[in-house]
Amino acid sequence: MNDKRTSSATVLAATGITKSFPSPDKTIPVLSQVAINIPRGDWVTIIGPSGGGKTTLVKILAGILIPDSGKIIIEAKGEDPRRVIAYMPQNDSLLPWRTSLGNAILTSQIEGRSRKEAQSEARELFGRFGLAGFENLYPSELSGGMRQRLALIRTFLSHREVLLLDEPLGSLDPLTRTTMQEWLLLVWQELGKSILLVTHDVDEAIFLSDLIYLFSRRPAHVRRHFNIELPRPRARTAQSLMELKTKILDLIHTETLNG
Amino acid sequence: MARLIKSYIATALFLLLLLSLWEVGVHLFHVPFYILPAPSRILLVFFTSLPLLFSHGAVTLLEIGLGMFLGVSGGITLALIIFYSPFLESALYPFIITSQMIPVFAIAPLLVIWFGYGLWSKATVAALIVFFPIVVNTVDGLRSVNSETIDLLHSLRAKERQIFWYVRLPASLPSIFSGLKLGVTLSVVGATIGEWIGARKGLGFLMIQSNAMLRIDLVFASILTLSLVGLLLFATVRIIELRLLQWRRPRRKPKTSGGNH
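So the protein sequences, as listed, match chains A and B. Residues 39 to 297 in the working numbering are what the first sequence spells out, letter by letter. Residues 11 to 271 in the working numbering are what the second sequence spells out, letter by letter.
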């Protein structure tokens, strides 16, 4: 444990989260006693098999779904606890009738902040995310990668402390994806947010995270968690990262084979 | 663009062909003008009677405008009630549907009795015809909203009022405009029917009167004016639609990300 980590308190935690969905003949258990902890300012990642309930957990944390049982703890630093979390859904959910800029300032508008301020703030991020000059285009005029970057800008501009990112780089090609990972790291470090990322890309998880939760198959629970204390920027091919990757992949494979 | 012009040329040529056949046919078979006037005569009457057509047309246009306003505002209000209240939906929807089984022609005489020979009976006929496509299309539009988008706004703690203005209304605008385009065409029919039943002015009234006096050329000139009014109204709706729904016509083709090779 380094100094930063010991000093960081929890900003968002969930314990004993259980959720099942009704289906015509029986209920399908999706989450079983899930417990995770997001330390303030840290990058936490959930990896696990697809269809395993990761998105369900994120939706519960975002306040969209209600768990059957369990507890969510939000440690708000004075602000309204309902205004701590920002959620970026798996599909970008951009509003097709708003320009890029209009989409970026959506949260500010909902919260009734000054439009001018929100716009100038957004323009700054457009530059950093490589979208400068695209402010007045509609989402349908952007490529898939640009749309995802725009959704990220919208999420960052929400002024929330915790960002829940559900596969935010899923539709990017590998080259754009690695560039975006580095960008995300820079923006995250600069803005001092706490991030919960959902991905099934093990490389992405170990490159970015302070803490990784490995989820089981459905009904999902936390199988293992890994603290990564390597300083950033990390070399993607560093020995310790490769060892961790092998370990995680082995764990995933043994579960698949034993099933 | 060239293809667009080409398709217009095709339409114009076909129209010209039809009109020439009509013109030649009328002269060739000596059809009397009080049965079927030649296009040239209709056009002549149209231009010489412009002030008359204009004064009657203005009345019809006013009826249509009022009918559209009543039908559209009533239709959208009803659609919102249906969308937000499942109870009122099950109470009202069957009635709204069955109301369409009653031909408006059948109740138009009643409306004249109730609302008199003036503006209001015609506006009511038009409104009754217009409101149905508006209700159905608006409800469809409100229901077409992507639930993920609503989830996102809920996660941002948006109020229902904000969700309506930011998401539901813009998402249903394309459907509302489909309803409006249908409605505006039907409103011309509605106002004309209303005028046939009983009126003192208006293009429908002029048609009935000219018909009785065997001024078939003036009947045709009235029909021509009515279709021009209809076209004008349709074009107006279409222009507003194009302005409000700019986002549906991408000006720039999206590039695929990183696909250089």
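Misleading hints may appear alongside valid ones.
[What the hints assert, rightly or not] Reference listing, derived: stretches of chain A covered by chain B, where coverage requires no fewer than 3 residues with Cβ under 8 Å from a Cβ of chain B:
no. : segment
1   : 118-125
2   : 224-236
[Unchecked claim] Going by beta-carbon spacing under 7 Å, a handful of chain A positions derived as facing chain B:
no. : residue
3   : SER131
4   : TRP135
5   : PHE164
6   : ASN174
7   : PRO271
[What the hints assert, rightly or not] List time: in silico DSS-like cross-link candidates among lysine-lysine, alpha-carbon distance up to 30 Å:
no. : chain 1 : residue 1 : chain 2 : residue 2
8   : B       : LYS169    : A       : LYS109
9   : A       : LYS64     : A       : LYS109
10  : B       : LYS16     : B       : LYS191
11  : A       : LYS115    : B       : LYS191
12  : A       : LYS115    : A       : LYS64
13  : B       : LYS211    : B       : LYS191
14  : B       : LYS169    : A       : LYS154
Everything labelled a hint here was simulated from the structure, so no lab data went into it. Remember, predicted model here, so these are calculated numbers, not experimental data. Using N, Cα and C, we set each Cβ at its ideal position, and we do this for glycine too.
Each hint, compared with the structure:
1. For the segment 118-125 of chain A, the proposed coverage by chain B is satisfied: 5 residues have a C-beta within less than 8 Å of a C-beta in that chain, meeting the threshold of three.
2. For a cut-off of 8 Å, the count of residues in the segment 224-236 of chain A with a CB near a CB of chain B stands at 0, and the three-residue condition is violated.
3. Here the hint on A/SER131 is kept, as its CB sits about 5 Å from the closest CB of chain B, short of 7 Å.
4. At its closest, the beta carbon of A/TRP135 sits 4 Å from a beta carbon of chain B; the interface hint therefore holds under the 7 Å criterion.
5. Proximity of A/PHE164 to chain B is violated relative to the hint, the smallest CB-CB distance being about 16 Å (cut-off 7 Å).
6. Among the interface hints, the one on A/ASN174 is violated; its C-beta lies about 10 Å from the nearest C-beta in chain B, farther than the 7 Å criterion.
7. A distance limit of 7 Å between C-beta atoms decides the matter here; for A/PRO271 the minimum to chain B is near 22 Å, and the interface restraint is violated.
8. This hinted pair checks out: B/LYS169 and A/LYS109 have alpha carbons roughly 25 Å apart, not beyond 30 Å.
9. A hinted pair counts as satisfied when its Cα atoms are at most 30 Å apart, and A/LYS64 with A/LYS109 qualifies at roughly 25 Å.
10. Pair hint B/LYS16 plus B/LYS191 holds up; C-alpha atoms about 25 Å apart against a cutoff of 30 Å.
11. This hinted pair does not check out: A/LYS115 and B/LYS191 have alpha carbons roughly 53 Å apart, beyond 30 Å.
12. This hinted pair does not check out: A/LYS115 and A/LYS64 have alpha carbons roughly 42 Å apart, beyond 30 Å.
13. Taking the CA atoms of B/LYS211 and B/LYS191, the gap is about 26 Å. The hint holds against a cut of 30 Å.
14. Between the alpha carbons of B/LYS169 and A/LYS154 the distance comes to roughly 22 Å, so the proposed pair stays at or under 30 Å and holds.
Hints 2, 5, 6, 7, 11, 12, counting from the list given before, are not met by this structure.
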